[in-house]
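Visitor: Sequence:
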Amino acid sequence: MTAALTPLAAADPPALSAANTGFMLLCTALVMLMTPALAFFYGGMVRAKSTVNMLMMSFVSLGIVTVLWVLYGFSVAFGTDTASLVGWSSDYAGLGGIGLTELWHGSTVPVYVFAVFQLMFAVLTPALISGALADRVKFTAWALFVALWVTAVYFPVAHWVWGSGGWLYELGVIDFAGGTAVHINAGAAALGVILVIGKRTGFPHRPARPHNLPLVMLGAGLLWFGWFGFNAGSWLGNDDGVGAVMFLNTQVATAAAMLAWLGYEKLRHGAFTSLGAASGAVAGLVAITPSGGSCSPLGALAIGAIAGVLCAMAVGLKHRFGYDDSLDVVGVHLVGGIAGSLLVGLFATGGVQSDARGLLYGGGLGLLGIQALGVFAVLGYSLLVSALLALALHRTIGMRVAEDAEITGIDRAEHAEAAYDLTADDLAEADRDGGAGGTGGGHPVRPVLAPAHANVDTTALDTTLDTTAPATAEKKEKVDA
1 MTAALTPLAA
11 ADPPALSAAN
21 TGFMLLCTAL
31 VMLMTPALAF
41 FYGGMVRAKS
51 TVNMLMMSFV
61 SLGIVTVLWV
71 LYGFSVAFGT
81 DTASLVGWSS
91 DYAGLGGIGL
101 TELWHGSTVP
111 VYVFAVFQLM
121 FAVLTPALIS
131 GALADRVKFT
141 AWALFVALWV
151 TAVYFPVAHW
161 VWGSGGWLYE
171 LGVIDFAGGT
181 AVHINAGAAA
191 LGVILVIGKR
201 TGFPHRPARP
211 HNLPLVMLGA
221 GLLWFGWFGF
231 NAGSWLGNDD
241 GVGAVMFLNT
251 QVATAAAMLA
261 WLGYEKLRHG
271 AFTSLGAASG
281 AVAGLVAITP
291 SGGSCSPLGA
301 LAIGAIAGVL
311 CAMAVGLKHR
321 FGYDDSLDVV
331 GVHLVGGIAG
341 SLLVGLFATG
351 GVQSDARGLL
361 YGGGLGLLGI
371 QALGVFAVLG
381 YSLLVSALLA
391 LALHRTIGMR
401 VAEDAEITGI
411 DRAEHAEAAY
421 DLTADDLAEA
431 DRDGGAGGTG
441 GGHPVRPVLA
451 PAHANVDTTA
461 LDTTLDTTAP
471 ATAEKKEKVD
481 A
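Under my numbering, the first residue of the sequence shown is numbered 1, with each subsequent residue one higher.
Among these hints, one or two may not hold up.
Claimed, not checked - Below, in silico cross-link-like pairs of lysine to any residue (SDA-like), each with a Cα-Cα straight-line distance of 25 Å or less:
hint	residue 1	residue 2
1	K199	E403
2	K199	L368
3	K199	N212
4	K266	L218
5	K199	Y323
6	K199	R357
7	K199	H394
8	K199	M56
9	K199	R412
10	K199	A418
11	K199	G63
12	K266	V309
13	K199	I397
14	K199	R395
15	K199	A392
16	K266	G221
17	K199	A413
18	K266	M217
19	K199	V60
20	K199	A147
21	K199	F139
22	K266	K199
23	K266	L215
24	K266	M313
25	K266	F321
The set of hints was computed from the structure by calculation and includes no laboratory data.
Using the sequences and the accompanying hints, generate a full structural model.
Guide: Quick look at the structure:
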């Protein structure tokens, strides 16, 4: 995306391209789809009694961020630069002073198209944070946090990275579609908030297994689909083939990361899980986001494989260090974003989006150093400001629901709804047998292998119960008798 704002000089000024404009509108729709896709992905990974809340934490971002983006967000992120830190243009405030065919700087698409495309990035980024906070945050507090966070963190950081005059932009940090501005930003924010609000009740000893793995796979598949618009669209057209390379690299890195995660999972835990496949794919998507416009397809293979293994290893850090990252936003988005951003410094070929070369292509350590500065600047700023915002809300209106609401189910407490319409008998049986987030106890049970991810404490597998096998065994005994 950075290079798209500074195209090579041309003899004639660019003219509006109907083809590129149509392409960008389609990409915008794909990126919009990623937010409900994320809701499904996260919603399947939580317990049944938290599903509605998880869905709503993503969906509400579509409302809040859209309104703020129109009022002032686009102007702060992409307006005229002030001190290399923020932007502002009165024509962009309210999006009222923009001509219908006015082109975005150096591109062939209208400003309105660029603005709505970037809006979808702004919507998705705070939604990513929500996965770290599953089961325990008041919905009102979350909505206020989203509004404050995009204002104080996302809009300024987007200007740093992509806005003309932004200090990371001018420094030459390569972030094609959001490794720093989106994924490191969201991952660091997640870490900052969970350090303030604390752990879920019962973490890490009470199992919190994913309640609906098909929903997780559906969400991951839709994310993968939408990510083509997220990445390829960030070039704002495809007149020179760079967007096509990014499209291909998105597929390649995602596939490599999925296989790498599954291989690590098999070696480490003894099974290939659907949760591992979905998580590995997302890790690859995250890592290729900043780097895919600067590397070759072989480089994308390497980046995806490295990210898949690193993220699979990183999800266990919460048990080692004792922080409760419910759905591994830190392990996947922060670590994946760091990996993808830094690997630009190794795998940039100098022949795609720019002439900047990485270490493996004769470029020396300069680009790697620039990338590292961008990574840790965004990480540190987002971590600190996000923690302060969470602390302010926690000390005033309170961010956490009551312990009773957390135990009985945040869906009923915060939304007066449930994801599944179960009768009282169904609920009693689910609680007795360990379903819907219960811990079992109705039958003799055997331990089963847990996925190397998210809701499962893999250090305590003997507490994770397979309640379907005993019922099957009982039926078989009756038949044999």
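Visitor: Next, verify each hint and record whether it holds.
Guide: Do the hints match the structure? See the list:
Under the criterion of a C-alpha separation no larger than 25 Å, the hint pairing K199 with E403 is consistent with the structure, at around 11 Å. Between K199 and L368, the direct Cα distance comes to roughly 36 Å. Violation of the 25 Å bound is thereby established for this hinted pair. Between K199 and N212 the CA atoms are separated by roughly 23 Å; this keeps the pair inside 25 Å, and the hint holds. Pair hint K266 plus L218 holds up; C-alpha atoms about 23 Å apart against a cutoff of 25 Å.
Among the hinted pairs, K199 with Y323 is consistent with the structure: their alpha-carbon atoms are about 7 Å apart, no more than 25 Å. Taken as a hint, the K199 and R357 pair is broken in the structure, with Cα atoms around 43 Å apart against an allowance of 25 Å. Proposed proximity of K199 and H394 is supported: the alpha carbons are some 14 Å apart, at most 25 Å. Between the alpha carbons of K199 and M56 the distance comes to roughly 21 Å, so the proposed pair stays at or under 25 Å and holds.
A distance of roughly 20 Å separates the Cα atoms of K199 and R412; the hinted pair therefore holds under the 25 Å criterion. With a C-alpha separation of about 23 Å, the suggested pairing of K199 with A418 holds against the 25 Å cut-off. For the given pair, K199 sits about 28 Å from G63 by alpha-carbon distance, which is inconsistent with the 25 Å threshold. A threshold of 25 Å between alpha carbons decides the hint, and for K266 with V309 the separation of about 12 Å falls inside it, so the pair holds.
At most 25 Å may separate the alpha-carbon atoms for a hinted pair to count; K199 and I397 meet this at roughly 19 Å. Restraint check for K199 and R395: satisfied, since their Cα atoms lie roughly 17 Å apart, inside the 25 Å limit. Distance restraint check for K199 and A392: the Cα-Cα separation of roughly 18 Å lies within the 25 Å cut-off, and the hinted pair is therefore satisfied. A C-alpha spacing of about 22 Å is found between K266 and G221, which places the hinted pair at or below 25 Å, so the restraint holds.
Taking the CA atoms of K199 and A413, the gap is about 19 Å. The hint holds against a cut of 25 Å. Between the alpha carbons of K266 and M217 the distance comes to roughly 19 Å, so the proposed pair stays at or under 25 Å and holds. With a C-alpha separation of about 23 Å, the suggested pairing of K199 with V60 holds against the 25 Å cut-off. Annotation: proposed proximity of K199 to A147 holds, straight-line Cα distance about 23 Å (limit 25 Å).
For the suggested pair K199 and F139, the alpha carbons sit about 17 Å apart, so the restraint of at most 25 Å is met. With a C-alpha separation of about 29 Å, the suggested pair K266 and K199 falls outside the 25 Å cut-off, and the hint is violated. Of the supplied pair hints, the one linking K266 and L215 holds, its CA atoms being roughly 23 Å apart against a limit of 25 Å. Taken as a hint, the K266 and M313 pair is honoured in the structure, with Cα atoms around 13 Å apart against an allowance of 25 Å.
Between K266 and F321 the CA atoms are separated by roughly 24 Å; this keeps the pair inside 25 Å, and the hint holds.
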